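Colleague: So the chains spell out like this:
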Amino acid sequence: MAFLILSMAALVSSILVITRRNAVHAAIWLIVALLSVGGIYLILQAEFLFAVQIILYVGGIMVLFLFVLMLVNVDASVRQAPFNRQWPVGLGTAVLLLAEMAYGFWRGGAPLAAAAVSTVAPAAQGNTQAVGMALYQNYMLPVELASLLLLVAMVGAVIMAKKRLG
Amino acid sequence: MIPFQWCLFLSVGLLTVGVIGVLTRRNVLVILMSIELILNAVNINLVAFSHYFRAVTGQVFAIFVITDAAAEAVVGLALIVALFRNKETVNADEMDLLKW
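Top line first, the protein sequences correspond to chains G and U.
Here our numbering is used: position 106 in the first sequence is 106, and no number is missing along the way.
Here our numbering is used: position 88 in the second sequence is 254, and no number is missing along the way.
You may find that some hints are simply not true.
Said to hold, decoys possible - Pairwise CB distance ranges, derived in the manner of DEER restraints:
no.	chain 1	residue 1	chain 2	residue 2	range
1	G	GLN45	U	GLU254	16 to 26 Å
2	U	LEU263	G	ALA2	27 to 37 Å
3	G	PHE67	U	GLU254	38 to 48 Å
4	U	PRO169	G	MET160	17 to 27 Å
5	G	MET70	U	ASP262	17 to 27 Å
6	G	ARG107	U	LYS265	40 to 50 Å
7	G	MET140	U	ASP259	23 to 33 Å
8	U	LYS265	G	ALA110	11 to 21 Å
9	G	ALA2	U	ASN252	42 to 52 Å
10	U	ASP262	G	GLN45	26 to 36 Å
11	G	ALA51	U	PRO169	25 to 35 Å
If you're looking for bench data, these hints aren't it; they were derived computationally from the structure.
The structure displayed is predicted, hence computed values, not measured ones.
Here a beta-carbon is modelled for each residue, glycine too, at the ideal position from N, C-alpha and C.
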């Protein structure tokens, strides 16, 4: 039941994200959508990802979005058309994608769900401990690569956003 | 226990809404927000598989997806700031410097 409410909230607020004329309103609805997705992580027993979602997405990325929204001119784009000229083609393509994937999951989802019933007993350790063990034992090199990626993104953002000197 | 397909259908719905946003909106900031929606749909899928197969690997992969989303948002927003400084617009169809 909670899953249904949260998924409805996520879907409705994400539709509001892409239909609001004002980008600030879209950002606020995106926060609602991200919080609903975080609740779904909690239902799926991924507590660590729930915390990461709240801290990193809602606390970090969305603040960055709102910060940039205040830098660029919001009032001018409110008066302009929110959708581009070829929007019927884009909408048709996306709906075709939805139909394809929904059909595939509807037909192929039942054997997948049967296979998902695992025989392995749930781990005795907590979720955060299990994720940390997997991250720092099996996925050490990807963690280092992710840190390098973040460093490169930070340097690149500073270089691109700073004022050209001279 | 939630039926397994519900998670997949929610993921597909969020992904479709994100794709519609990327393909139809003019505001670049809203396009970036739609990309965040797409990445969240992928994360729901990864966490659902991780939950139903009782393996933590999917959640580890979801953490890497979130890391990439953060890097992508930072670089994209820096690009938008640089473009707005030069062109005074945030509309995707007016950013045609490479078109002659």
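Colleague: Okay, which hints does this one fail, numbers in order?
Modeller: Per hint list: 1, 2, 3, 4, 7, 8, 10 violated.
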